[in-house]
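Be aware that the sequence shown starts at 87, since it is given in our numbering, and climbs by one per residue.
Honestly, the hints are just simulated from the structure, not real lab data.
We treat Cβ as the ideally placed atom computed from N, Cα and C, and that holds for glycine.
Some clues are possibly wrong.
Label-pair restraints from in silico Cβ distances [said to hold, decoys possible]:
| # | residue 1 | residue 2 | range |
| --- | --- | --- | --- |
| 1 | W139 | R106 | 33 to 39 Å |
| 2 | R109 | C157 | 30 to 36 Å |
| 3 | E156 | K120 | 18 to 24 Å |
| 4 | G138 | E164 | 41 to 47 Å |
| 5 | R129 | D149 | 46 to 52 Å |
| 6 | R175 | A104 | 23 to 29 Å |
| 7 | W139 | R166 | 42 to 48 Å |
| 8 | K120 | R160 | 17 to 23 Å |
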Amino acid sequence: MVVNASRSIANAPDPATAARELRDALSNPVSEFKEVAVGDVWRMGRQHPCGGWEWRVYRTGADIGLACLECGRRVMLERRRFEQRAKTRVSTSS
């Protein structure tokens, strides 16, 4: 077994910095997660090559299924990536 000798206590993060990062990570409210339902229309951060900006949700779960309203192209995005790229909800399914 080889141990990496380059790591030492000198390279360890400052306890105050580590505590602040942990506090910041834990203080993010759960409400930041986007509620997504089948039928919702979302405006994404980047324009689709066809020129469309808006996508309709056709599937939810671990992955989000989206259909472009301009050209009909269907794509699947991981929920995390969807939450990063989705900017605003244009309309809801109800």
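Right, here's what the structure says about each hint:
1. W139 with R106: 33 to 39 Å: 38 Å, holds
2. R109 with C157: 30 to 36 Å: 45 Å, violated
3. E156 with K120: 18 to 24 Å: Roughly 22 Å apart at Cβ, these two residues keep to the hinted range, so it holds.
4. G138 with E164: 41 to 47 Å: 21 Å, violated
5. R129 with D149: 46 to 52 Å: 20 Å, violated
6. R175 with A104: 23 to 29 Å: 36 Å, violated
7. W139 with R166: 42 to 48 Å: 21 Å, violated
8. K120 with R160: 17 to 23 Å: 20 Å, holds
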